[in-house]
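Counting in the numbering used here, the sequence shown runs from 1 upward without gaps.
Since the hints were made in silico from the structure, they are not lab data. Since this is a predicted model, take the numbers as computed values, not measurements. Be aware that a few hints might be false.
Claimed, not checked - With beta-carbon atoms standing in for the labels, derived distance ranges: (1) A79 / K128: 17 to 25 Å; (2) D15 / D165: 30 to 38 Å; (3) M99 / N32: 24 to 32 Å.
Using N, Cα and C, we set each Cβ at its ideal position, and we do this for glycine too.
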Amino acid sequence: MARIVKKFGGTSVGDVDRIQNVARVIKAEYDNGNEVVVVVSARSGVTNQLIARAKAINPNPADREMDMLLVAGEQETIALTAMALHALGVDAVSMTGAMAGIKTDPYHTRARIVRMECQQLIEYLEKKRVVIVAGFQGANELGQITTLGRGGSDLSAIALAKGVDADLCQIYTDVDGVYTADPRIVPKARKIQEISYEEMLELASLGTKVMQARSVE
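Given the sequences, and given the hints that come with them, work out the whole structure.
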């Protein structure tokens, strides 16, 4: 038995059919006898829609209120993913980043994780429940919701893998690996078979969308 963290991005959970497909992938892992933590992003385009709505109301919204708004995207996804797993007969429970034990510094919209307190999450795993966690978010010492910045769901997954002492952390994307360039833009881009942490950090720092730079760090 292994303890595995799986992270699915916004494209992977972009609509009902894709969420159901993700649920089948999770069920297959669970049926193999593994403990599974799943981190999900907001559905593709949802975060941008929320930002646009906020700025239509106030061109300079307060960072605290933006955090309160933007976490809604991920919280929709965790609930829908848990429901999809229930429909497949899998015992699953959804958790916000704060509920999962992601503790951050005070800074809204760009918070950094300062520690992990994953006892409740681990208890769920030990009870053979799949845990679905909202990426991109945590809570500061005052219990206020904070967000981790763009691409923060990758960081959530890596931090949770450390927090629950996972054997493996898998990042699912809409391409089948790391390429020398974006294959959707550069048709001749080559897939890299192996990559070091240093090389991955350099790619992430240059703006590649495969992983967020801080999650590699």
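Would you pick out the hints that fail for this structure and give their numbers low to high?
Result: no hint breaks.
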